[in-house]
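Student: What follows is each chain in one-letter form.
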Amino acid sequence: MKKVKQIHVFKPNFDLLSEELVFIILDLISPNPSDLKSFSLTCKCFYHLESKHRTSLKPLRSDYLPRILTRYRHTADLDLTLCPRVSDYALSVLASLSGPTLRSLDLSRSRSFSAAGLLRLALKCPHLLAIDLSNATDMRDADAAVVAEATSLESLKLGRCKMLTDMAIGCIAVGCKKLTSVCLKWCVGVGDLGVGLLAVKCLHIRTLDLSYLPITGKCLHDILKLQHLEELLLEGCFGVDDDSLKSLRHDCKSLKKLNASSCQNLTQRGLTTLLSGAGCLQRLDIAHCSSVISLDFTSSLKKVSTLQSIRLDGCSVTSDGLKAIGTLCNSLKEVSLSKCVTVTDEGLSSLVMKLKDLRKLDITCCRKLSGVSITQIANSCPLLVSLKMESCSLVSREAFWLIGQKCRLLEELDLTDNEIDDEGLKSISSCLSLSSLKLGICLNITDKGLSYVGMCCPNLRELDLYRSVGITDIGISSIAQGCIHLETINVSYCQDITDKSLVSLSKCSLLQIFESRGCPNITSKGLAAIAVRCKRLAKLDLKKCPSINDSGLLALAHFSQNLKQINVSDTAVTDVGMLSLANIGCLQNIAVVNSRGLSASGVAAALLGCGGLRKAKLHASLRTVLPVSLILHLEARGCTFLWKDNTLQAELDPKYWKLQLEDVVP
Amino acid sequence: METEDDLCQQTNWGSSSSKLQEQGSSDGGGNQAFSGFTSEQKWEEASILDYEMDGVEPDLQVFDEMKASGEENVQANVDFLQGVRAQAWDPSTMLSNLSFMEQKIHELQELVHLLVGRGEQVQGCQDELAAQQQQQLITTDLTSIIIQLISTAGSLLPSVKHNMSTAPGPYTGQPGSAMFPCAREANNVASQSQNNNNCGAQEFDLPKAVVVDERESHVVEEHEMKDEDDAEEGENLPPGSYEILQLEKEEILAPHTHFCTICGKGFKRDANLRMHMRGHGDEYKTAAALAKPNKESIPGSEPMLIKRYSCPFLGCKRNKEHRKFQPLKTILCVKNHYKRTHCDKSFTCSRCHTKKFSVIADLKTHEKHCGKNKWLCSCGTTFSRKDKLFGHIALFQGHTPAIPIEETKPSASSSTQRENSEGGNNNQGMVGFNLGSPSNANQETAQFGMMDGNISFEDSFSPMNFETCSFGGFHDFPRLMFDDSDSSFQTLIANTCGFSSPRNVGESVLDTSI
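So the sequences go chain by chain: U and D.
Residues 1 to 666 in the UniProt record's numbering are what the first sequence lists, from first letter to last.
Residues 1 to 514 in the UniProt record's numbering are what the second sequence lists, from first letter to last.
It is worth saying that the hints were derived from the structure and are not from the lab.
Fair warning: there could be bad hints in the mix.
[Stated by the list, open to error] Over the 10 Å line for every Cβ pair with chain U, so calculated as not near, a few chain D residues:
1) Met94
2) Lys104
3) Val116
4) Thr152
5) Glu248
6) Gly266
7) Met277
8) Thr286
9) Lys335
10) Arg351
[Said to hold, decoys possible] Below, a list of computed lysine-lysine pairs in the DSS-like style, where the Cα atoms sit at most 25 Å apart:
11) D:Lys364 <-> D:Lys339
12) U:Lys564 <-> U:Lys644
13) U:Lys162 <-> D:Lys388
14) D:Lys374 <-> U:Lys162
Every residue, glycine too, gets a C-beta built ideally from N, C-alpha and C.
Next up, chain D with everything else stripped away, as it sits in the complex (with noise of 0.2 Å):
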């Protein structure tokens, strides 16, 4: 399609508008024109150019116009998507949609039929006047019908998708491949379209209505949220005060973000790009030019949205299709997230050997305090700190306080032996533990019984779980409990206990259960 086209190629986006413009109102085409805005796979990146483009200013009075008659229908068009949301995957609803497209369609069928024979009956009258103000009102109509067809079109999707992500092995589509996923890109469409209307002249009230809208449909996910009681960090900001952002994978994972455009030289940071940027002129040297873009905001225009970003990784929490979706702060967020969560770990600790990171930043931290935890249980966890270590200890049974071997000359043999003696149920017990942090499992197994294994457990053991993370009577299991240390004991930990930490929860699952 000529349209798709054009809005690939990102930087003429004011003309690929006016080009949708042209077709929008030409005929019932305007269908066609939308399908083709939604399969546009950079949509965000789109949109990211599109703050920066001052001078142009697109002609989209009739978009405009269409949102403007689009207005009345809008809510009842969440509401009802936010029904189909809420269900799961259902045959029945699917046929409901599908008669109701129909039905819409049918309805545009007749307008356009309509609107042929009024165009002769206008022809007839001569009076231009009644013959604009007609107009709107079919183009109004128009406009509601295809903005709903658009809608219910784009919802038949996601209960699709949810069964897709829930599902286990990677899953490397991309979320902007499909059509609208949802009803907040819906809107997210209109408030685009809405920072394109505040450049161009004309003044409309609608676009706080939509955003008004898109609010609405974000609490009810926040009300999902808490009935699930899914107490997670996070900033909670009031959904639709942010804008979300997705970058691609290559471009997370590329050691550059920032590139000239007239050499292609990469930099790392925004401002080294902007020094670059003097070299090829002096048009390039000026103060405006050297300053911050963000900064540049006029006092007296409208403030800027702020940014969240979203993972790429589908079915992640940090991905925007996750029902409990938690954005990300900075780009430099996600790319921390990404490298964490998604890639191979491929530094390793120079000093341990064992520890493996996929963030420089992490070894260097670790390899800071690595060989340093010297907070050791007779289980054989290590604790860099000696509180944790009493904190645990406190709440295992049989577990004590091991001394360093250095200071344990005369009574090495009296600390093995009391190991010997009850050191094996404990171990058991801790090899079920272990497999709660899924990086370590397949080691701890295979090194089951020894107790030097010196396993460092603070990063599944983190201070917040110990703290806030009831064990109900876990303590007060009985000693055969440790004994069968079966996968539906280790499981009912990595579950219920949260031993590992958030991000790895699903993947823990998935390793205990193999």
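Only chain U is shown next, with the shape it has when bound in the complex (with noise of 0.2 Å):
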């Protein structure tokens, strides 16, 4: 921003410096929208230039549209997901101003647009190639239809669109022969018919997700006879069995991903069949299968050996199966065995052991391994980039230390629950490209352990410490101190946090999510040092913060204007500081439950105030006591409300807190 001021200053004429050089420079500066508004707001010039140069808006209301279009006349993608309710006017006003430009129009956060605005919108974008209708629950079949006219559509997103039947469905088949990716998630009243004549007569079709859909395997003969299918999405069709993929030949060698996880009624014999002809296949997801992956079943992967990704979630897994995984796929990069209960050691053992080339594996809540698992993963798997291992309680604290000094390109841990203490950070924090940590309810850990990763990671992006209640501002210090590119950051429940540490948190300028749940020692004044220098802050918890008062909400209102989700619920909030919230633009979920400065006429004061809002979550009594009109009003705004009425706990000795889980977890 002073670069460009600079030059301002020493060179006022920049009829000289050509187009695409400024355009290259925009592109460098775009990452961050506020240097970018201060260029536009140079000169004239830029102005024009900037006006030029952007293709993708992401508008915060649909009222500001027409201008928003007049200005930028190059758009290609909008989303319009911040803007809950885009009227047909709306949806013709931007058919209208940059209908042949617009490429690409995100609704699946929108409501109250009607077939009329659809058809304006499908006449006029002749270059429309994506369209996102997800979450119109209430869109029918006539609505739908008026999409086929949009011929050059390639890909279309309807998903929860619970109210389409098979003809609409029939209609955009029979319209859009371009498309390449379809998803129809839950659209639960689409069925074979619709799916089928898809298949038959969208021949291009890349991208097809089915999930929870009432389809049989009768379809899959259709859609597996697709030259260019390439992802499959098959997510808990429970119609899909075993029987009607019996007479299922196929030879779909385009075929890279499948997902038939929750998929109840299939087993090793239709799975056998749908990947028979599947020759190419990279990614396989069969979570939640009702099978025993044991070695019978895994027969049915012998045709699909040049398999990268695995996800097994939820099976139940015997010993042997895995072995046989091991062997039938050795080219497995990613490996996902989140929550199946009954994997062994000697099991994982023997898997891991033939994936030299593992770099992503999941054990999330595989309470039976033990330190002997981790040994052998950190033996064999040097090149693990990401290992999610919560709930892994049996391994003990000296494992660690091996995953520290054998899996050194590590990005991902999740040792959230686990027994790391101070001596396995300081093993782990020579993974110097560590990006995201999870120490998560980690009793064992201390400042001193933090210490070392704030030392040692300076790529560090996310840091959970929900619960890790030896944590104090020295160690969250030496983290602000040294990863600056922090974005995420849970200290929730960590009791002896105080304002210092805020005030060392605001050098993150970085910071988008902010979680200090449950930390009374927390007040305004911390708050107001990150309102003023996190400027990108979007999501902040702050409930059972009992001394965060209005003067921190106004600090907030003032500073950080990229904010959308705030929870104040248990604080000392008062009406001020709600109505201080209605200068926040883009500001979409407010909790506030059990504020007790809070009075109705304020709460509805703020909630008339905040026009992006979607979601409200209030105490119950409120209810009652707003007028009813208001709740219509905002709800025909777009904004949801949750009504809760329980009242404020008192906190749990964090100690025990975790005794009485493992009383709960035998």
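Hints in hand, dock the two standalone chains.
Tutor: Here is the structure:
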């Protein structure tokens, strides 16, 4: 920003600078929206150049659309997810102003448009390639059929359009011949006929999401004949069973990704036929499979030996099965065994021994695993990038030393609820490229261990210290000093955290998510420090921080213009603080339960003031106090209410909380 | 002729046959008797009644003897006849047939001469046994010659008949009115006479032989059918294992089919007639009289032949003269078939006022579903089942499912706009298809371009046709093909694609050529 101004001072005539060069400069500064804003405010010339350069927009309100689109004439990608209400008028304005240039449009979070608006859009935007109409739960066949007019459409998302039937899909299939990517997830009214017709008419389909559709194996016969099909998602299709796949003979060489998770009626026999022709399959997801992954079952994987990723989450897995998988598919790079409670040390060791190339491993909640497995993993998978091992409580603290020594390439490490200690953290801090570290409920770690991480991992972006009660301000400040790229930090229930931590964290200017639930020592002063310096702050959780009051919110309202979500339940916030939040344009979620200083009229005014509000979590007593017309008005604007009536509970002793948890889970 | 009159009276079949026997044995006038036989109009009826007569035991000795002697020749005859039948109308074969007959008549004459000469000789010899033997020998010869004569004479006709049946226009002539139209009927006579034989005391093995011959002739016919690749639904009974009956038009259309022989009251069901008969006297109250007639057959007796029915409409596929004859199973089938195919459709649907039916049951079935054809295509076709609509859309380029108007409140303008933009071509194309179904053809051309015609195609687009019929490269046709919806295209569809249901094929050809 400063540079630009300097140039402006020394070289006032920018006509000499070619447009292309300015565009390259703009490309480089575009990651930070405030820089772009400063640029365009510099002078008329820059203003025009910037409006010429920008092609993607994400407006806050649909009311602004006419002005925005008049300014940005070259808009190709329009994301309206922040506009809960997009009327037909807005769509027709949109179509007439940027019809020829528009390529993609996201209406997945918007409502209150109908067939008329969509038709205008379809007719006036000849180059529209992608449209997202997900979550239009009240959209009927007639409305959706209009989409068929957009003949150039390549990508269509209709997730959760529950009212749609085969008729609408039939119309779209006939009209939009160029479709390459279709998502029909949760369109529970669409069956075999619609999907079958789609496969017959749209021959260029590459990605097809049919999750949770009431389809049977019948339509798969047509689908697997598609020449270019690469990705097929059949999650939760209970109708797909062995019998309907019996006669399936296919040769779908293009298929790369198959998701057959939660297909309860698909067993080894059906899966074998499904995989028989998919010789080039790379990613397979059979999570929550109903059958046991045994030696027998793995025989169905014979045809897909080039598999690179397999997900077996929630399956019951035997040691033999894992061993066979390791032997059959030894080029696997990603394995997920999350919540496979039957996995044993023997099985996992025999699997990872074969997989020298493994990059990602998820063994979340595999409670039977001990240090033996971790040692084996560390020894045989030096290329490991991601390791998720939440709640592997049998793993001894010595095992973590080995991870740090052997797996130096680790970027993502989830050690939630483990026995790791400061020595382990010291070892892990040698993974220099670590970007995400989760240390929630690790009661053995202290500031000392955390300081190793702060010193050695400059790329850390995400740190989770939820209920790691050994952490104090010293540990946090060392992190804030070392990890300047930090974007997310969670210090919930770390009761020793004070304003000092917040002040030191305010150095991390990229901070977006800050969660400090249940930290009684945090006050508005610390919050103000973060608000002032962390301009990108988007999500804030201050629940059960009783010292937070209006002055903190006033600072937020003034400085954090990017805040989208805030939780100020059980704080000392009053009407003034709430009203000030209305100043934040893009605020979408507000949760205020049990804040005694609030009056009904104050909440009403605040809710009215926040134009972009989508979710409001309020105390149930307000439901009767607030005028019905106000609630209706807000609901019409696209806001949903969540009424809570729980009272403040006394915070338990953290150590005791852990003990209680262990009692429940034997 | 005397015999003819007798036969027409139906009930005194036994006596008529005995007369026949007298004539046949007395002199060469047997020929005459047979010609009278064949011109019998209600032949089938006569045979039906024939079964029911148990008490009559006509003396058919000579007739049987004739048959017995003809045994060796029958085979040759049948072969010869088949050869004749297989050929189309040909004057040269006709001529050869005539000369053949001439030759046979000469032979007959010589035989009679011989007989006269022998008679004197026999008187001289005084040897009764030898005389009997000789007489038998001569009658055998005679019989074989007569049978050959009859069959040849009969074979002269069918070739003419085939030509007539293919000619357009209603042909209401009675098939039975001609002389034995084909070999099968000639054999029919034989099989029927065989039934009479069984009633009689004398036992001969020959009837079986005759049945075998009949079967063979049918086998040949079946091969013909298969050659033409006519895969029709049908029970595929081995030919000859059933007996063909043909009811008169009046009988088919009559409201009642069972009449009381005493008071003349008509009944729809035989069971009701039997119940009625009880009122006429105690003799009808016995268990035997009340039981089903068919069930009466004694276990020891020969099993009855299955009955199959022929439609009296000449040129109809269900008519026994048809080359690919498909018999009808029951009298009810005959009635429904005749009404549906050869009668006016007098019952109109009270809901749509467009669909007409000739069988009231069809009307009732239709009315149940009328207006429920909610699956609509952009071309105007409606379907009662969604999968049929999707099959239709998958098949044709440019057709889309049409969402019902009730639902299209906001986008009604859009859908009409779309139809205007591309509907025109489809319309024309579809008019072409419509002509495939004869009943709608005229109506549809009148409604040319109207989208809301809502004509149901369920009949003409029968599900079976959709699945089994290969459309070849039909949906690869360029749009132009749809545009010029002239008669050539229509007939192409009607003939090759089998759009119309089989029973309409003949008619649809006629319609499209108009």
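Student: Could you run down the list of hints and mark each one as holding or not?
Tutor: Here's how the hints hold up against the structure:
no.	hint	result
1	Met94	holds (58 Å)
2	Lys104	holds (64 Å)
3	Val116	holds (81 Å)
4	Thr152	holds (58 Å)
5	Glu248	holds (49 Å)
6	Gly266	holds (52 Å)
7	Met277	holds (57 Å)
8	Thr286	holds (58 Å)
9	Lys335	holds (39 Å)
10	Arg351	holds (24 Å)
11	D:Lys364 <-> D:Lys339	holds (15 Å)
12	U:Lys564 <-> U:Lys644	holds (21 Å)
13	U:Lys162 <-> D:Lys388	holds (24 Å)
14	D:Lys374 <-> U:Lys162	holds (21 Å)
When held up to the earlier numbered hints, the structure conflicts with none and fits them all.
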